[in-house]
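Chemist: Spelled out, the chains give:
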Amino acid sequence: MIRHREEYLNIFRVGEPQLRLLVAEALKGGGDYSDLYFEYTTYGNLMLRDSEVTSGGLHVDFGVGIRVLSGEKTGYAYSESTEMKDMVAAARAASAIAGGEGSTGSVNVTPEEAAAILKRSHDLADSFVPLHSNGERCVRKFFPGEPNPAADRYPVEIHWRRTECSAHLPFLNKLEEAVRRRDSRIIKVTATLAFQVTDVLMFNSLGELKYDTRPLASVAVSCVFSQGGKTENRSVSRSWRMGVEMLSDALVETLAEDAVKGIDERFEASRPKGGKMPVVMGAGASGILLHEAMGHAFEADFARKGQSIFTGRIGQRVCREGINILDDATIRYNRGALNYDDEGVPGQKTYMVEDGILTSFLHDRISARHFGVTPTGNGRRESFRYAPIPRMRATYMESGTATPSDLIGSVKKGIYVDEFSNGQVQIGEGDFTFYVKSGFLIEEGRLTRPVKDINIIGNGPRALAEMTGVAGDLIVDESAWTCGKSQNVPVSCGIPTVLIESLTVGGE
Amino acid sequence: MGKNLLTPEEIAIAERCITLSLEKGAEKARVTLTKSNLELCGMLDGELDKVTHALDRCITVALFAGGRFGTFSTNRLEEKELEGFLESAIGTVRMLAPDPCRDLPSPERTAKNAAEGGELGLYDSSIEDLTFEQRLSMARRSSCWKRKESIEKGFRLLSEEGEYSDSTSDTLILDTNGLRCRQYETSFEIGYEVTLEDLSGNLISGYWWDARTFLKDLLEPLESCSETAIRRAAAHIGPKKHEGGTMNLVVESECASKLVSPLLSALGGYALQQKNSFLDGKIGEKVFGDNVTLIDFPTKGGAYGSRLFDSEGVATKEGPIIENGVVKTCFLNTYMAAKMGLSPTVEDASRPTLLPVGGCRNLEDVLEKVGEGILVTGFNGGNSSAATGNFSYGIEGFRFENGKIVHPVREMLITGNFIDLWNHLLVTADDARCAMSKIIPTLAFGEVSISG
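So the protein sequences, as listed, match chains A and B. Its first residue numbered 4, the first sequence is counted upward by one per residue in this note's numbering. Its first residue numbered 31, the second sequence is counted upward by one per residue in this note's numbering.
Read the hints as simulated data drawn from the structure, not as lab findings. Where a beta carbon is used, it is the ideal one built from N, C-alpha and C, also for glycine. Careful: at least some of the hints might be erroneous.
Stated by the list, open to error - Pairs of lysine-lysine residues, derived as BS3-like cross-links and limited to a Cα-Cα distance of at most 30 Å, are as follows:
1. B/K468 <-> A/K88
2. B/K80 <-> A/K122
3. A/K488 <-> B/K176
4. B/K178 <-> A/K488
5. B/K288 <-> A/K276
6. A/K488 <-> B/K110
7. B/K305 <-> A/K191
8. A/K233 <-> B/K312
9. A/K415 <-> B/K270
10. A/K88 <-> B/K80
11. A/K191 <-> B/K288
12. A/K76 <-> B/K65
13. B/K288 <-> A/K279
14. B/K176 <-> A/K76
15. B/K270 <-> A/K416
16. B/K358 <-> A/K233
17. A/K88 <-> B/K33
18. A/K276 <-> B/K468
19. A/K191 <-> B/K316
20. A/K76 <-> B/K33
21. A/K191 <-> B/K271
22. B/K110 <-> A/K88
23. B/K468 <-> A/K415
24. A/K279 <-> B/K271
25. B/K288 <-> A/K233
26. B/K80 <-> A/K144
27. B/K316 <-> A/K233
28. A/K233 <-> B/K65
29. A/K488 <-> B/K80
30. B/K358 <-> A/K191
31. A/K488 <-> B/K468
Claimed, not checked - Among the chain B residues that face chain A by a calculated CB cut under 8 Å, a handful are:
32. H83
33. G96
34. F99
35. E117
36. S118
37. L229
38. L233
39. S235
40. Y237
Just chain A, with the same shape it has in the complex (with noise of 0.2 Å):
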């Protein structure tokens, strides 16, 4: 949700004078760039649990963040209060990794120095260089014009902060009832809301100023079954960029349906002997395992640092022709969609991987200066606390050209998943492990027994290099996805079924 910008203006208390003021203090002692973060976030939840919405809350975070970067390396420093001399406080506190000197007072720059410290500020970003490994494209350095409201990918019906509490009760009664309708072994249900709305303003030395509301709202179901003395447990949800029209009779319907989906299975499953064999994923969450085998070692701070299986490795074949893999902050409502990023760079599909090829990481201004190219719209944080990195939003492979049946029914013996939990990867090595939380043995090209409790290890690369196979039923899957790499932020992700020839089942 796009508002004018003198609304950003008053709710930060700031104007623009002041914040060219505050740039140029905090590159007064040096260094080449600075921005500044503002934000304002309201989060409120409500928990219904035995039967009753009995617990609820608001929270409220305010404030500033202030980066300097001196060449690669970062100043950073935050204020929770936007009077002038705190900020200023936190701008020379920023300023101390370009030699700056770090003490407090008022602001010492005038408008005529803060003008000339800007505009070497800019001449400096208009000299960067685009190095061979950006190929053709088009470096880009600055993103100028106003944020356009016709552009935006979150618009709001109803607004979360102008609707009462008591408006989304009935949601969650609604939801508890539906869940338990659909089956009487449910002994507990715990049904939860989450929303929240972030305003932020952006403004940094090269004179750019953006700014952004962004809705985000979830909704989460918890079962515990109980059968023959035995228990299982299971949990979905649904999350979105989008206000309270989200909450509808309808989403009840999908997640009471998802929360009871597979338990039959679930009793009876069992772990499988475990072995090398062909693993096919299922569409939408299994996903997850692209954002982390692959997805992060395409980040590209750790290519910068040297740190990724992937360094070096711009412009080589990764994967099979036809594959595609792509990091997308453009799809309307998805919980990684942005208008810009946390830096003000506007959010953009970056694909990572082209017809098999490794075409580019996934960039801040950092990263892109240090290998010549565009950023690509993925600096992001967690909050003003933070300075931003190269994240992940909504990451996914396209559709292919096989059919689910046809990977399956090409498998003798191994195993199919659709439900994955708690992966994870090292960046160097690529080796990753991700729990199975629901699947099935494939005997004969055939579905058959489910199978639960085990983990599926491999390595990034060599897992990517061995899909063999890729459907043409790609889903964006819709789950509260939460990337925790080093500061928390809302993603999603996605993949249509897919065949890998070999991966490690871990069994008994």
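For this one, chain A is given, so just place chain B on it according to the hints.
Modeler: Same frame as chain A, now just chain B:
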């Protein structure tokens, strides 16, 4: 009072919040005021890469109004902002369903020995005199990048990233029953991550870290942190495939708490109340082997992780969690206890400590005693089921035979059930890291299912 600790003016804001809550219509309230400060100098490949300065304040208010309950927080501490915030908060509380189980802890359960904040001796006043230059100097000294040629043997050091940081935190809890608890403490940390390339072009990563309450106790020399990270990474060069099977498993103290945390979670009030715990109904029963004794030592002076009160202000106390295999207690806050009709305890463990068994001092002793199996030095993904206790974790580490490490292994998994696993505890070392809040030594288990 120390620099960056709560000021009398900030404490007055917390007190004013209690009064305002009652004025706005709450019958009871608890106010938690936190303040923290962080200074960080980060290094990349021997050069200063980042400096961070952070100062946070937050007020959290738990409100009880009309038999209803809600929790609210804000970092906008101006009186006018707080008034509007509390009005809105109480309006929200009144819309929720009543919950008779919500209440403040009774005054006899709360801590009476923590009014000043420094009682546990967790504050190092030397932090107040540290300058940016001194911090920078410690960060620079911690890097060994500039002499990497003398370290590189059979590998190339591709990346060395680390940071020195120090922080102060101060927490004050007040409630309308007259509770007043405060604790302030310092922390000094150093951590390094390295990436190596072996002679075949394979990348291997490693890390090491240390955290202390007192600067004088922090790892010395500082560069040994990066050196340890490099040594640990280099040890994993040349992994060999191991088929696995049912065998002995030794878990290094660095990562051993991974196998204790699920036991503590299963004894948490929320898991028990939701019937989502594999230890449901097991209090008082012998569940684990005779040699498993886990005791909480929350009030040890000067010790990392110590605390005199939990987040409700309830006094913590020393006592067994598991004793000779018998489950002795669970963790019930005021709310969960009322929901379950049981007596409340504390909300969770503070410094759970596994008592060493078997007479081994360190990892080497354990390997010698156990003979052969797999040594785990890190976990890589995986999960466990809270309801069943079944687990499956990715592991990295080494194959050992005749008490000696023979080669690294990777891409392996362990699977099993926690109750079964802890009934096969063979021995432990006496080498728990004091930089952690869970005091768990190197562990050795028998008959663990390992696959590769």
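Chemist: When the hints from earlier in the document are held up against this structure, which numbers fail?
Modeler: Hints 1, 6, 18, 21, 23, 28, 33, 35, 37 and 40 are the ones this structure does not satisfy, whereas the remaining hints hold.
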